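**Q** The residues making up each chain are set out below.
Number of protein chains: 2
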Amino acid sequence: MSNIPTKVQINEEGPREGFQFEKGVIPTERKIELIDSLSETGLNRIQIVSFVNPKAVPGMADAEQVVAGFNKKPGISYVGLWLNDKGLQRAIETQRLEVKGSVSLCASEPFLMRNQKRTMEENIPLQHQTMEMFKAHGVDVKRGAVMAAFGCNFAGDIPVETVLEVVRQAKEIAAAHGFNLQEMMLADTMAWATPASIKRVVGAVQDKHPELSITLHLHDTRGMGIANAYAGLEMGVKTFDAAVAGLGGCPFAGHRGAAGNVCTEDLVFMCDEMGIETGVNLEALLDSARLAEDIVGHPLPGSVMRGGSLRGLRNKIREAQTA
Amino acid sequence: MSNIPTKVQINEEGPREGFQFEKGVIPTERKIELIDSLSETGLNRIQIVSFVNPKAVPGMADAEQVVAGFNKKPGISYVGLWLNDKGLQRAIETQRLEVKGSVSLCASEPFLMRNQKRTMEENIPLQHQTMEMFKAHGVDVKRGAVMAAFGCNFAGDIPVETVLEVVRQAKEIAAAHGFNLQEMMLADTMAWATPASIKRVVGAVQDKHPELSITLHLHDTRGMGIANAYAGLEMGVKTFDAAVAGLGGCPFAGHRGAAGNVCTEDLVFMCDEMGIETGVNLEALLDSARLAEDIVGHPLPGSVMRGGSLRGLRNKIREAQTA
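Respectively, the protein sequence lines represent chains B and E. Adding 1 to a residue's 1-based position in the first sequence gives its number in our numbering. Adding 1 to a residue's 1-based position in the second sequence gives its number in our numbering.
All clues given are correct.
One copy or two, it doesn't matter: identical chains are merged, so the pair holds either way.
Below, in silico cross-link-like pairs of lysine-lysine (DSS-like), each with a Cα-Cα straight-line distance of 30 angstroms or less:
#, residue 1, residue 2
1, K24, K118
2, K101, K8
3, K200, K317
4, K239, K200
5, K200, K8
6, K118, K317
7, K74, K143
8, K317, K24
9, K87, K74
10, K8, K172
11, K73, K87
Hints in this document: simulated from the structure, not taken from any laboratory. All figures in this text were calculated on a predicted structure; none of them were measured in a lab.
Work out the full structure, taking the sequences as your base and the hints as a guide.
**A** Set out below in structure tokens:
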């Protein structure tokens, strides 16, 4: 247990993950309401929109209005997502987001073929073009990302060697353009990871690339999200992507088979209770989670917003004892 | 990770936990349908009913009919729960259940006061009476149980020393009647545990009472169930109580929207994927989980029944590759 960090960084992705995934139109002012609520929780990095083709993702057609409308709070990095030069340009033009580049690779060829219609080999020159694009815009690149690092619905299990090779490629691609990767995000894109594979893959990457700080992006589709985060903590992982209320998924209703990112407040709860500093106020975050549920209009996967925090119970017990 | 067992025992408690907790009457034949379905999964210990006052728990008024009606499959221990001599007698009279006794204590005095209107001190002579009752019926006692071992909604955090003292008392009570405890169940009755406290408490009990094999009874109210099970596995815990589809919840614990026991199929999924033998066929268990949802008529917490197993995906990928 000695590797467990005393402090972790949680990157909130709920607004972007959630609103992108939800069916039906969510009014712009309600999106802004959630972002403003999250700004009051102590979270210091919030991904709020993606700049994608509005025809492909109608739920994100109002990205510019959302970015223009939220209350920017000092000390918080508000970030967006983009997939191409046009998206990057849109992000920069808002002048209200922190714009940082990344080398984004995928450990599964069938997944890459399916989503981006290219082989892993064909992807490499395209990533070099992306680095040129960042350079042209004066955007720094410190982060790499490996999608499907723990398994893939179309490729099956992913050998650790493949992940290591993809990480190596990411570093090489960045270095060719004068960028020096410091952080590597490993994404369990299709929820194949278990605590054992988290330890195996994270451990291998740490051994081979000790200079990279690892971020885990975990999905909870098979109920392993929090256990996988714990396994990551045991490996010394200090940075986690998460989504308030588990936005991006829905345990009930029509979204069969879809569960979102690991739930931010459940992760904060676990960290709080284990004495790991997150900088986040759990009670405020629970308010945001309930707001998220109200906004999407259906139950979301988060547990602690239903079960309640222990701090509240401890306070009640203390009050009863001193009464 | 070296302590992780190669094989675990999963005690299914879904039928008893679930049907006790559900509001509204579930027809006897549907309860039997679930039990018979579970008998086909490879689970070898299934708790199917509790013999309690039908006025207090109307959902269990048909306990005898359920026990009389299910298809008893060789190699499976079907067990019941009881709280007093009358309940024990009812269990024995069915002649269809495996009847084993236990010393059941509680690490939280306020919880004991609330539910059984007695102090921890007052509880000890009553447990001695229970041992006499088991002896009179020729029932062996090998198991102890500690409720609220990880925290309590009415007492707050439970010191490890309290748990150790309660375990000592349980052994002493059993020994006074010639019983030799071999197993100690630690229950996170109100879902206060985190992986860190699982490790702390389990480790302390193992150090002090190395002859006891530990069973974890985990609730998932705050989303920590699977992570806590993983922490237990890392401590070498080999036996887990669980409920198919996450059926159940403690009706006495005082929180609304309470989630039930850790979900059996999610636990089996994690074990399967980490190479830990459970003896359970996950696909068959997923059928039982879906049946449970159909029977109670509302969504249940299980994740893998929605996300799907990986074995199914691997088969599909293999078929596509060989096609």
